[in-house]
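So the chains spell out like this:
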Amino acid sequence: MSKEPVAVVGIGQTKHVAARRDVSIAGLVREAARRALEDAELTWADIDAVVIGKAPDFFEGVMMPELYLADALGAVGKPMLRVHTAGSVGGSTALVAAQLVAARVHGTVLTLAFEKQSESNAMWGLSLPIPFQQPLLAGAGGFFAPHVRAYMRRSGAPDTVGSLVAYKDRRNALKNPYAHLHEHDITLEKVQASPMLWDPIRYSETCPSSDGACAMILTDRAGAARAPRPPAWMLGGAMRSEPTLFAGKDAVSPRAGQDCAADVYRQAGVTDPRRDIDAVELYVPFSWYEPMWLENLGFADEGEGWKLTEAGVTELDGDLPVNMSGGVLSTNPIGASGMIRFAEAALQVRGQAGEHQVERAGKVLGHAYGGGSQFFSMWLVGARPPQS
Amino acid sequence: MTRDIAVVAFAQTDVLRTTDELSEVEMLMPVLHSVLDRTGLKTADIGFTCSGSSDYLAGRAFSFTLALDGVGAWPPIAESHVEMDGAWALYEAWTKLLTGDADTALVYSYGKSSGGSLRDVLTRQLDPYYVAPLWPDSVALAALQAQALIDAGDTDESALAAIGARSRRVATLNSHAQLRGSVPQGDYVVRPLRTGDCPPVGDGAAAVILAAGERARELCSRPAWIRGIDHRIEAHTLGVRDLTDSPSTRLAAERAGAFERPVDTAELHAPFSAQEVVLRKALRLDDSVRVNLSGGALAANPMMAAGLVRVGEAAARIHRGESDRALAHATSGPCLQQNLVAVLEGEPR
Numbered sequence: 001m002s003k004e005p006v007a008v009v010g011i012g013q014t015k016h017v018a019a020r021r022d023v024s025i026a027g028l029v030r031e032a033a034r035r036a037l038e039d040a041e042l043t044w045a046d047i048d049a050v051v052i053g054k055a056p057d058f059f060e061g062v063m064m065p066e067l068y069l070a071d072a073l074g075a076v077g078k079p080m081l082r083v084h085t086a087g088s089v090g091g092s093t094a095l096v097a098a099q100l101v102a103a104r105v106h107g108t109v110l111t112l113a114f115e116k117q118s119e120s121n122a123m124w125g126l127s128l129p130i131p132f133q134q135p136l137l138a139g140a141g142g143f144f145a146p147h148v149r150a151y152m153r154r155s156g157a158p159d160t161v162g163s164l165v166a167y168k169d170r171r172n173a174l175k176n177p178y179a180h181l182h183e184h185d186i187t188l189e190k191v192q193a194s195p196m197l198w199d200p201i202r203y204s205e206t207c208p209s210s211d212g213a214c215a216m217i218l219t220d221r222a223g224a225a226r227a228p229r230p231p232a233w234m235l236g237g238a239m240r241s242e243p244t245l246f247a248g249k250d251a252v253s254p255r256a257g258q259d260c261a262a263d264v265y266r267q268a269g270v271t272d273p274r275r276d277i278d279a280v281e282l283y284v285p286f287s288w289y290e291p292m293w294l295e296n297l298g299f300a301d302e303g304e305g306w307k308l309t310e311a312g313v314t315e316l317d318g319d320l321p322v323n324m325s326g327g328v329l330s331t332n333p334i335g336a337s338g339m340i341r342f343a344e345a346a347l348q349v350r351g352q353a354g355e356h357q358v359e360r361a362g363k364v365l366g367h368a369y370g371g372g373s374q375f376f377s378m379w380l381v382g383a384r385p386p387q388s
Numbered sequence: 001m002t003r004d005i006a007v008v009a010f011a012q013t014d015v016l017r018t019t020d021e022l023s024e025v026e027m028l029m030p031v032l033h034s035v036l037d038r039t040g041l042k043t044a045d046i047g048f049t050c051s052g053s054s055d056y057l058a059g060r061a062f063s064f065t066l067a068l069d070g071v072g073a074w075p076p077i078a079e080s081h082v083e084m085d086g087a088w089a090l091y092e093a094w095t096k097l098l099t100g101d102a103d104t105a106l107v108y109s110y111g112k113s114s115g116g117s118l119r120d121v122l123t124r125q126l127d128p129y130y131v132a133p134l135w136p137d138s139v140a141l142a143a144l145q146a147q148a149l150i151d152a153g154d155t156d157e158s159a160l161a162a163i164g165a166r167s168r169r170v171a172t173l174n175s176h177a178q179l180r181g182s183v184p185q186g187d188y189v190v191r192p193l194r195t196g197d198c199p200p201v202g203d204g205a206a207a208v209i210l211a212a213g214e215r216a217r218e219l220c221s222r223p224a225w226i227r228g229i230d231h232r233i234e235a236h237t238l239g240v241r242d243l244t245d246s247p248s249t250r251l252a253a254e255r256a257g258a259f260e261r262p263v264d265t266a267e268l269h270a271p272f273s274a275q276e277v278v279l280r281k282a283l284r285l286d287d288s289v290r291v292n293l294s295g296g297a298l299a300a301n302p303m304m305a306a307g308l309v310r311v312g313e314a315a316a317r318i319h320r321g322e323s324d325r326a327l328a329h330a331t332s333g334p335c336l337q338q339n340l341v342a343v344l345e346g347e348p349r
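Top line first, the protein sequences correspond to chains A and B.
If you're matching positions, the first sequence starts at 1 in full-length UniProt numbering and goes up one per residue.
If you're matching positions, the second sequence starts at 1 in full-length UniProt numbering and goes up one per residue.
Any given hint might turn out to be false.
[As the list claims (entries may be wrong)] Only some residues are given here: those of chain B computed to face chain A with a beta carbon under 8 Å:
| no. | residue |
| --- | --- |
| 1 | Tyr56 |
| 2 | Asp69 |
| 3 | Glu79 |
| 4 | His81 |
| 5 | Glu83 |
| 6 | Trp88 |
| 7 | Thr95 |
| 8 | Leu98 |
| 9 | Thr99 |
| 10 | Pro128 |
[What the hints assert, rightly or not] Listed next, with one range per pair, are the computed distances between beta-carbon atoms:
| no. | chain 1 | residue 1 | chain 2 | residue 2 | range |
| --- | --- | --- | --- | --- | --- |
| 11 | A | Lys15 | B | Ser288 | 57 to 65 Å |
| 12 | B | Ser158 | A | Val23 | 45 to 53 Å |
| 13 | B | Glu214 | A | Phe246 | 34 to 42 Å |
| 14 | B | Gly100 | A | Pro177 | 37 to 45 Å |
[Claimed, not checked] The calculated SDA-like cross-link candidates involving lysine to any residue, where the alpha carbons are at most 20 Å apart (straight line), are:
| no. | chain 1 | residue 1 | chain 2 | residue 2 |
| --- | --- | --- | --- | --- |
| 15 | A | Lys3 | B | Thr2 |
| 16 | A | Lys249 | B | Thr43 |
| 17 | B | Lys281 | A | Gly77 |
| 18 | A | Lys249 | B | Leu66 |
| 19 | A | Lys3 | B | Gly213 |
Calculated from the structure, these hints are not laboratory results.
Note that CB positions come from ideal geometry on N, CA and C, so glycine has one too.
Using the sequences plus the hints, can you model the full thing?
Following this line, the structure appears as structure tokens:
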């Protein structure tokens, strides 16, 4: 069975900020969608279907908002799907859209993910009532901090690594006009001096709460041939899920993440990710997840990921740049964050990343995860179409 | 299409007014076991899993992540979730199988409407700035649609009453239905809709297994082949839609191939009696077609599962040899805003 090759021919983002009080939810998503259409030089009439994703509906207080957003996204008379896979949803949404093209069900699909966190309070949206969750987790940082601690103990990483990641990502964000945090006076000392929130995670090592949307136009071979700018080709994509909590779960390096990456590499013919992949957009909401995911995805051996970070390998001008856009640490409209990783990977291979463009970006990985490190979605995109 | 895909197994819970004693996982587990047992498959044999549900019904964020535990998801599985009725999860799984990345898929969905006041909860689906603050509830919106139909001369109150009565009469043969037998049409809830024109509020879950090609034949003696499936959405604002018609249903049916040859059976997701009138017209169903032999959504309407149940009921009739070509329909949103149509066929006997 041969699948239709999938190309990214349009990408649009909003300028991510703490609160977009000037637009409604519909206005926000339409802005990103229009930018993606303009990039692809297509109109609403060229779109066959819309696939939309976001994190929990409680974040904006609108139940199944795709119903209300159908008009704003030009979906009237078209198929519209709504994906929700927790924090990985931005990535999963793109993969579901890509699947419609790969299956030859549709030729050109608009996919979009958003979060308008200022409409509500994400902290409350995430505070599950007893008895569904123990009451002392104190937000996502409280959940993930012990896993970071476990990583530090297992790997012997010095406690300076987290601040290096944050310092790098915040500097990268200065080169990305769409990034939320633009801290022009950032220094490593400032990161290290920021308040400790959930030991070992400091304030400056955490992601912000953002309003924002990201959209992509995905199309088939014929659509790619008509594209005005170089397309990014999907070389592999996969999702994997495992339970949140169970005896034997490795919260530092979940098997679902390893399996997901292995599936993507198999599809793309990648045998040595460290050698074959040129740059990575990783889902890093807390700085220490950079070295953790580098190991989980096979870019470094177990216990060695922090050495790549410490040696500057993951810097914008390093040998394996990570989060050229500034990453989730600089921009986090939760439901869109995964799609931003996927879109930024595509921007890089298209050579359209502007000031944060890296050289030799032939193959770039986009990565997202969600829940208690239990849902993973990834895609690998390349400047050249898949072989076969 | 290059690959034939079929529904090979279906299971559903009894739909109950309340299930206080059950968590969602506890409600789902028997259905998941039952559907797997019908094929002899184990979770580890399944190529792709996709589910549908709504956090707003559960009253908490990420509710599906807990329900996923009911699948027994270890080792890690290829899995996805739509915040929609399970019929759309089935659509996603169908496209996954079309790509050839998987040969089998488990699809499930569930909803516990008993956790809150459903009429109030569903108002949160509406435009959050201009409409939702007025709290127009789901019955009131359906009543607008019913009145529009009556005004257009498409139906009258006694015809609507007959739809409700027929649905609950045939539901006596469906042990999973919530309302069965002689149910009084009752008083007006919102004019012109009476109790009997409205669906019962209930909790329930459903699961389906899909398989491709030869795998389907191995797993089921008479697979229900999906000949076509499509879904379409309309404008959200009621003021810009003709509530007496359902162009999205008609278009989805056309794309699914429903009009190429007559169907013998149709399972329509029409939670309100007047919506059956709209759907019959859009789908060009005449009296030769057996409609909603399960009793339909007027006999049991488990939110987020009722659409998947329609596909499952249609498929099960083909499995049992009671239908050769069946249409299944699912809806979402106020007044039939979004509609899915699937056409299922059994091989000639």
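### Cut-off 8 Å, beta-carbon criterion: hint that Trp88(B) touches chain A
holds, 6 Å
### Task
Against chain A, run the beta carbon of His81(B) and see if the smallest gap drops under 8 Å.
holds, 5 Å
### Message
Less than 8 Å between beta-carbons is the criterion; does Glu79(B) satisfy it with respect to chain A?
### Response
holds, 4 Å
### Task
Mind checking the CB of Tyr56(B) against every CB in chain A and telling me if the closest is under 8 Å?
Nearest chain A Cβ about 4 Å off; hint holds.
### Query
Does Lys249(A) pair with Thr43(B) here, judged by a C-alpha cut-off of 20 Å?
holds, 19 Å
### Query
Taken at face value, is the distance from the CA of Leu66(B) to the CA of Lys249(A) at most 20 Å?
holds, 16 Å
### Task
Look at the Cβ atoms of Ser158(B) and Val23(A) and judge whether their distance stays inside 45 to 53 Å.
holds, 49 Å
### Query
Does the nearest C-beta of chain A fall within a distance shorter than 8 Å of the C-beta of Glu83(B)?
holds, 4 Å
### Task
Using 8 Å as the Cβ threshold, decide whether Pro128(B) counts as touching chain A.
holds, 5 Å
### Message
Quick check on Thr99(B) please, does its C-beta sit within 8 Å of some C-beta on chain A?
### Response
Holds: closest Cβ of chain A sits about 5 Å from Thr99(B), inside 8 Å.
### Task
Confirm or reject the claim that Lys15(A) and Ser288(B) have a C-beta distance inside 57 to 65 Å.
The hint (57 to 65 Å, Cβ to Cβ) holds, given that Lys15(A) and Ser288(B) are roughly 58 Å apart.
### Query
Is the hinted pair Lys3(A) and Thr2(B) satisfied, with a Cα-Cα distance of at most 20 Å?
holds, 10 Å
The structure meets every hint from the earlier list without exception.
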